[in-house]
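K.L.:
The chain contents come next:
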Amino acid sequence: MNDFYNYVRNFLDAYEWIIVVYSSLYVISYLFFAFLSYVAIRRYVLMKHYINEDVLLKSNEAIGVSIVAPAFNEGATIVHNVKSLLSLSYPKFEVIIINDGSSDDTLEKLITEFDLVKVPFYYQRQIDTAPVRGHYKSKNQVYSKLLVVDKENRKSKADASNAGINSSQYPLFLCTDVDCILKPNTLVKLVKPFIETKTKVIAAGAAIRSSNASEVNEGFLVKVHYPNQWYPMFQELEYVRAFLFGRMAWSQLNSLILVSGGLGMFDKEVAIEAGGYMHNSLGEDMELIIRMRKVMYERKQKFRITYIPESLCWTEVPPNLKILMRQRIRWARGLIQTLVMHKKLFFNSKYGKTGWMALPYFFFFEFLAPILEAFGVLLIVTGLIMSYFYPDFINFDFLLWSMLFIYFFYINITIISILLDELLYKSYANIRELLKLIGMAMIEPILYHPVVVVAALKGYWQFFMKKEATWGVMVRKGFTTQKK
Amino acid sequence: MTKDFLENFLQYYLVPILGLLLLLLVIIIVYYRLRFVYLSYRKRQYYTKISDAITTLTFSGLEGELLKHEVAIFKSRFPYHKKWFKKLLLNSLLDLNLNLKGELIYQIREIYMAFDLHKHSLQLIKHPHWSVKCTGINQFQAMNFVHGQKYIKPYLTSKNTILRSNAYIAYLYLTTESFDTLVDYPNPLSRVNEYKVIDILYLKNDPIPKNIDRWLEAKNDSIVILGLNIMVFYNYSAAPEKIIALLNHDTYRIREEAITSIRELYLIEAEEALQKQFDMEDKLLQIEILKSLSVIGSESSVLFITNLLKTQDINKDVKMELLRSLKSIDYNYYESRFVIDLDIENMKAHLNSAYL
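Chains as they are written, first to last, in my numbering: chain X, 1 to 484; chain U, 1001 to 1356.
Everything hinted at is true.
To give an idea of the interface, some chain X residues facing chain U are shown, with a C-beta separation under 10 Å as derived from the structure: (1) V55; (2) I195; (3) E196; (4) Y407; (5) L435.
Since the hints were made in silico from the structure, they are not lab data.
Think of the CB as a built atom: it goes at the ideal place given N, C-alpha and C, for glycine as much as any other residue.
Start from the sequences and build out the full structure, keeping to the hints where you can.
P.N.:
Okay, here's the thing in structure tokens:
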């Protein structure tokens, strides 16, 4: 028994030190990110002096943008959502809706509402996609900006997006989900990074928020509200933290490897050269960015991928545990799949910051963190059991202070993100919602974080067990009426 | 480092510091929101009153002492000495200025000066931070405050790109000098600045610079591009040789702009040069060349396009554009040929669709 005790004791000691080093690196990197985010956000805020958006809006020289929005069984909301997209303010754009083999009345509704007719569109499969059944344009000049692509389903949003990219006519394309509600000036905001510098910008993204409790009328956002369901409330916190904190820091380092599938603008030529979205990837947005970066490194051409710290897109986030788990499992699988797929880039000098900074960070701090956390919990439980037999087995004081430190650090990071959001945009309707958000931040590490860790572990497990990947269906509540 | 040390460090330093930081952050968030609510309330309270008063003053046509008298009355009715109020008043003036045209904008400038708001703008320009300076400069520009030029001039050579850009644009807007001097501008301009200069030309409605031909010979590529854009803006087609010569320029963007300008200015004499240039360019510029040929092309371009269409390994986008150009130049020829090529038939079906 003594041997077992010593064995476990030594192992725990060693693990403790590993965790101390790991946590210290984590904390240092987060502090570094906090500083970089501050610099990036400040820079963005100051850049607003560079050009008045009105100048861009009335320019004849504006760069054209194709909005690519796949739709799968979105009959409940499709008409309002398309109208919302068509109403964006920008001098030169088109809206491409890809009906991804819907089994409901999505296409019929589009045809009826927008007076569509099938047209002999010359479709070039520059990126491989499932067969396209046809293209539709409106007979009504009011909807001349709308193009509907009807294609067979290949069980991936990526494939539908690729069909949209193949059908697009402008040099920039904006990928979004058809249920996303975009701010009217989204296109101007996202085009700006492409024209502000001489360096080639290959992609730009912006913050996404939850629309679950917001007031939406016929596809248009009336008032933003903090969600009123548990899981969306926690996700809103995650979004604020991820977009204002992590992504702005990566943007400042010019090492972003993730631009959300919900809202991202891309240089079409580079995206096509990179091969478009990978249809069998579960993390296709991250995967595309890595391949686009590879293209630019191979061309030896300077480039930038930019994030702007403004909420331009609102989307329904998973409202319950079941859908949330499915989404997070997919994200976790997508992460490990992408890291494995691009393992040759790790510490490869040819791929600059992507190989030396972004990918190693994602491996050590995004991929490994849930594993180490779960292992840590397991060891604490083992320690508690052992302490029943050997009262001095666990130093409870040390355990308590370490956990309190981690807890406070985590909350501080979240609260700083909320503060940044409050200073910059005042996204929430009133002080009650803000206090609710702060309150949720306090309990998030205890109630919500474990769910995310479990989902990540399940995702890794399914990846290594090679379980068949599915996207699942996100049931939309629909935004047909304005909420009271 | 022992575990005890770490434990003490956590217990007596890190955890309390983080706890206090949390408390402080929450207080700041709550404070800022309450302050925002209060300021919004005050703004709502005054905004309509200010707008009404400013609109009345604008349409009253009052000048000189009479205007000053009215302004004094206004000042006595409102908390004018407060910074936030001045800001609100200035924003109202700027909003009104955006929505008015003609002589009325000069009346707004008079009101701006009668309120001494130009001094407020000047204070902003003298502020040490460049972004605040930009705000002041933009206010001078928006209010068409021509006397402000001398305060802006020192920033035309600023090392800060954005400040320099804003100062230059404001200066161009306010100056009575012609745009001729821009030819010697030494710094590169981003696309943003090109848009801004064209916008100023549009707003000022000034005549085209007399030395515009020289712009195409400038060493600064940005000035060449701007020169081409200005020529297009004014529909100035008196320098065809110089524009055609730019088709061989080393800078990609200049070649692109030259091709576009040929199309926009309808320079039919560039047809042969465009055809010669075609093989030397990438896909994107080839498409641009074809777009230009579709506007200025003659029978020679029909032959040129027909020969290219016979090429086997031609890019599909280029092929599509070839057909589009052909359709534009000689519709009958376009309709009567290529019946056996399925690919071309499909492209033609696309091009012939009324909705595409």
